[in-house]
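J.: Sequence:
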Amino acid sequence: MPISKIILPPITQDMVVLTTSDYIQIIVGGIYAAALFYTVITFRRSKKLDQFTQTNIITSSWRDAEVELEKIPPGSEHDISRKQWVYRIFNDIEWLCFLINEKFISDRKIRKQFEPTLIEYYENMFLKYVSNDEKLAKRYPEFVKLYQVIKLQHSSQK
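Residue numbers (my numbering): 961 to 1118.
Don't read these hints as lab results, they were simulated from the structure. Treat the hints loosely; a few may be bogus.
Under the rule of at most 25 angstroms between Cα atoms (straight-line distance), these lysine to any residue pairs were calculated in the SDA-like manner [to be verified]:
#1 LYS1105 x SER1021
#2 LYS1063 x PRO1101
#3 LYS1069 x SER1020
#4 LYS1069 x ILE1017
#5 LYS1007 x TYR992
#6 LYS1008 x ASP1093
#7 LYS1043 x SER1091
#8 LYS1098 x ARG1048
#9 LYS1105 x HIS1038
#10 LYS1043 x TYR992
#11 LYS1031 x LYS1008
#12 LYS1095 x TRP1022
#13 LYS1105 x SER1066
#14 LYS1007 x SER1091
#15 LYS1043 x ASN1084
#16 LYS1098 x LYS1111
#17 LYS1072 x GLU1054
#18 LYS1069 x LEU1059
#19 LYS1069 x GLN1014
#20 LYS1008 x SER1021
#21 LYS1063 x GLU1030
#22 LYS1111 x GLU1062
#23 LYS1111 x TRP1022
#24 LYS1007 x TRP1055
#25 LYS1031 x ASN1016
#26 LYS1105 x THR1077
#27 LYS1031 x LYS1007
#28 LYS1031 x TYR992
#29 LYS1095 x MET1085
#30 LYS1043 x TRP1022
#31 LYS1031 x LYS1043
#32 LYS1043 x TYR1081
The calculated label-pair distances, taken between Cβ atoms and stated as ranges, are [unchecked claim]:
#33 GLU1094 x TYR998: 25 to 33 angstroms
#34 TYR998 x LYS1031: 18 to 26 angstroms
#35 ILE1040 x ASN1084: 57 to 65 angstroms
#36 THR979 x ASN1016: 52 to 60 angstroms
#37 GLN1044 x ILE1079: 17 to 25 angstroms
#38 ILE987 x LYS1105: 51 to 59 angstroms
#39 THR980 x LYS1072: 34 to 42 angstroms
#40 GLU1037 x ASN1084: 16 to 24 angstroms
Here the structure is a predicted model, which means the values were calculated and not measured. For each residue, glycine too, the CB sits at the ideal point set by N, CA and C.
Construct the entire structure; sequences and hints are all you get.
T.: Structure follows, in structure tokens:
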């Protein structure tokens, strides 16, 4: 059985005809591409703005609790009220750590900004105020988890 070959003549300029509707389709395609690009950029900016807003709300609450903690006079008779404010601070930190661990706050610059503060709070306040029973019960698991990740990263960079 012979194999036949079909040979087509080369396309010449006379053979390609673009009509007005073809030009309109090309222009509309370009407009759609530009609109899609703009939408992607807008969503990225919106996500970043949401992360900053969430972080700002948490840190504002955290700051307010620190101010109230500073108002408590020294002395063992005020330990209960001091501990209540410390736990409010830890709850704010726990929420921030949850958002970071679950990638709701994924901006690396935000995380880097908080790393020294989180280390300081863990090493100076968490270990001081949270009892061993509470540590064993894993009262603040997201805070502990993020602290361990940060410390591991810092030790591997050295």
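J.: Check the structure against each numbered hint from earlier and tell me which ones fail, lowest number first.
T.: 6, 9, 10, 11, 14, 21, 27, 28, 33, 34, 35 and 39
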